[in-house]
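Residue strings, one per chain:
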Amino acid sequence: MEDLAQRLPNDVLADILRRLAPRCVAASRCVCRAWRDVVDARDLLRAELLPLTLAGIFINFHCLDITELFSRPSTNASICGKHDYLPGVRSWSCVLHHCNGLLLIAVDNDRDDLRVLNPATRFCTALPRCPAPVMETDRLHDEYLAYDPAVSPHYQVFSIPRFESKGGRIGDFHYDRFQDLNYYYGKYNKIVDDVEPNMGEESEWSSEASFSDKFEWSSDDHNIDQRRNNNIYKNYREYTEILGFHPKDMVETPRVHKSVAASCGLVPPVDTGFWPQV
Amino acid sequence: MAAPESGDGNNGAARMVTLISSDNTRFEVEAAAASLSQTLQLTILDGGGGGGDGIPLPNVDSATLSKVLEYCIKHAPAAANGGAPNATAVDRAELERFDNEFVNIDQSVLYSLIMAAHNLEIEGLQSLVAKKVADMIKGKSPMEIRRTLGFPDPTPEEQAEMNAHMLEYGWAYE
Numbered sequence: 038m039e040d041l042a043q044r045l046p047n048d049v050l051a052d053i054l055r056r057l058a059p060r061c062v063a064a065s066r067c068v069c070r071a072w073r074d075v076v077d078a079r080d081l082l083r084a085e086l087l088p089l090t091l092a093g094i095f096i097n098f099h100c101l102d103i104t105e106l107f108s109r110p111s112t113n114a115s116i117c118g119k120h121d122y123l124p125g126v127r128s129w130s131c132v133l134h135h136c137n138g139l140l141l142i143a144v145d146n147d148r149d150d151l152r153v154l155n156p157a158t159r160f161c162t163a164l165p166r167c168p169a170p171v172m173e174t175d176r177l178h179d180e181y182l183a184y185d186p187a188v189s190p191h192y193q194v195f196s197i198p199r200f201e202s203k204g205g206r207i208g209d210f211h212y213d214r215f216q217d218l219n220y221y222y223g224k225y226n227k228i229v230d231d232v233e234p235n236m237g238e239e240s241e242w243s244s245e246a247s248f249s250d251k252f253e254w255s256s257d258d259h260n261i262d263q264r265r266n267n268n269i270y271k272n273y274r275e276y277t278e279i280l281g282f283h284p285k286d287m288v289e290t291p292r293v294h295k296s297v298a299a300s301c302g303l304v305p306p307v308d309t310g311f312w313p314q315v
Numbered sequence: 007m008a009a010p011e012s013g014d015g016n017n018g019a020a021r022m023v024t025l026i027s028s029d030n031t032r033f034e035v036e037a038a039a040a041s042l043s044q045t046l047q048l049t050i051l052d053g054g055g056g057g058g059d060g061i062p063l064p065n066v067d068s069a070t071l072s073k074v075l076e077y078c079i080k081h082a083p084a085a086a087n088g089g090a091p092n093a094t095a096v097d098r099a100e101l102e103r104f105d106n107e108f109v110n111i112d113q114s115v116l117y118s119l120i121m122a123a124h125n126l127e128i129e130g131l132q133s134l135v136a137k138k139v140a141d142m143i144k145g146k147s148p149m150e151i152r153r154t155l156g157f158p159d160p161t162p163e164e165q166a167e168m169n170a171h172m173l174e175y176g177w178a179y180e
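Residue numbers (this note's numbering), protein chains in the order written: chain V, 38 to 315; chain R, 7 to 180.
Just so you know, the hints here were simulated from the structure itself, not pulled from any lab data. There could be a bad hint or two in this list.
[Stated by the list, open to error] Here are the computed distance ranges between Cβ atoms for each label pair: (1) V:Arg55 with R:Ala95: 24 to 30 Å; (2) V:Asn47 with R:Pro64: 18 to 24 Å; (3) V:Asn47 with R:Glu163: 53 to 59 Å; (4) R:Gln165 with V:Gly125: 50 to 56 Å; (5) V:Gly93 with R:Lys137: 27 to 33 Å; (6) R:Glu127 with V:Cys117: 54 to 60 Å; (7) V:Gly125 with R:Lys144: 37 to 43 Å; (8) R:Leu173 with V:Cys117: 21 to 27 Å; (9) R:Gln44 with V:Arg79: 20 to 26 Å; (10) R:Gln165 with V:Leu164: 47 to 53 Å.
Here a beta-carbon is modelled for each residue, glycine too, at the ideal position from N, C-alpha and C.
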């Protein structure tokens, strides 16, 4: 019987292993030499789908314009928090966003000098200057990176304007018109350039927008302790902060559902690399 | 060229064929059921296996063959309907129940079945047993897989390789 288990024909074994999730295939690869050979010969192990180890974290401290890297010294020699190895970078840069191991950095905190960096391979591309959004005022905007190596070798960078409240007091919302930020599974591919903020109108999603219901929130519905808010949120400004992109959904901070609109800088494919596995 | 006999031809009594296991036991079974085996299908289409001839299967013993035929007989009607697109939900549920119970067997029997399904090229049975083994492997470390499948203890050399793997991929099992 033992012999039988070890002497499964390669076709049969491959048929079995093909039904397993990547990490189970990784385990099976080490069961014995014959199994490893089958996994390798047929390319059954898709390493890019394995969960990656956490080699370190970047932290943005409030009021600091640089990003610091925290990691175990022993494990992470190839990744450096300082970006002085990049041309044109004096020392540090600011990590604005990240996605699956790629970083979006602002060199010397200059929002007009954005680059996408793979810190593990030090591959770096400068982004073309973001086309100015058609806006009534000179608004602030934030850039976000979307990248899923299991879906596509391309990454995309979204530039999403902040819509700040005019009142400066929490709960004093102006409803901006929501723009649809469509993207399709596997493509992240929709450019919204028709940005027409329509202040004072009730917000609404375009019917095609897939990630949220119509938003309704009036400040009357919420028991907000104004005194406390005035102290804590003295300089508080509401704007949507996007935590990340997901193929099916968009994650937002729950607090403020203000409008999102995007113009999208499509950038060429990057040589993908990964954080080193420990 | 003569057209091959139609697969769902139910002209009168169902045609029977005889299969002979490695230990010389004879099994008489409907041709439609035996034809689930790609290996046997051509022989049967050519008119083999009928009468006193029988088709010898030197790689399959009688215990395994009877198990294989149990599967074939159960699945033959659905297969005759071209993958059973018009099968009722009840029929499908019944087949599923049968399949689950069918592979709930001793590992030695399971291996014999794997080999027989492979040699006879019975597609449904192949994927049924492969799925069963995959379920046994799922979520286990290399050492646990070895134990589950009844591998002998690893040689020191194999052990060293597995240790190296755990260093590289150990986090995957946390």
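Hint by hint, here is what the structure shows:
1. Range check, arginine 55 of chain V to alanine 95 of chain R: about 29 Å between beta-carbon atoms, so the 24 to 30 Å window is met.
2. The hinted window of 18 to 24 Å between asparagine 47 of chain V and proline 64 of chain R holds, with their beta carbons roughly 22 Å apart.
3. Between asparagine 47 of chain V and glutamate 163 of chain R the beta carbons are some 22 Å apart, a value that contradicts the proposed interval 53 to 59 Å.
4. Judged by the Cβ atoms, the range 50 to 56 Å given for glutamine 165 of chain R and glycine 125 of chain V holds: they are separated by roughly 52 Å.
5. Take glycine 93 of chain V and lysine 137 of chain R: their Cβ atoms lie about 40 Å apart, and the range 27 to 33 Å is violated.
6. Checked against the given bound of 54 to 60 Å, the beta carbons of glutamate 127 of chain R and cysteine 117 of chain V, roughly 56 Å apart, stay inside it.
7. Between glycine 125 of chain V and lysine 144 of chain R the CB atoms are about 50 Å apart, so this pair departs from the stated range of 37 to 43 Å.
8. Taking the beta carbon of each, leucine 173 of chain R and cysteine 117 of chain V are about 24 Å apart, inside 21 to 27 Å as hinted.
9. Against the hinted window of 20 to 26 Å, the Cβ-Cβ separation of glutamine 44 of chain R and arginine 79 of chain V comes to about 22 Å, which satisfies the hint.
10. The supplied range of 47 to 53 Å is met by glutamine 165 of chain R and leucine 164 of chain V, whose beta-carbon atoms lie about 50 Å from each other.
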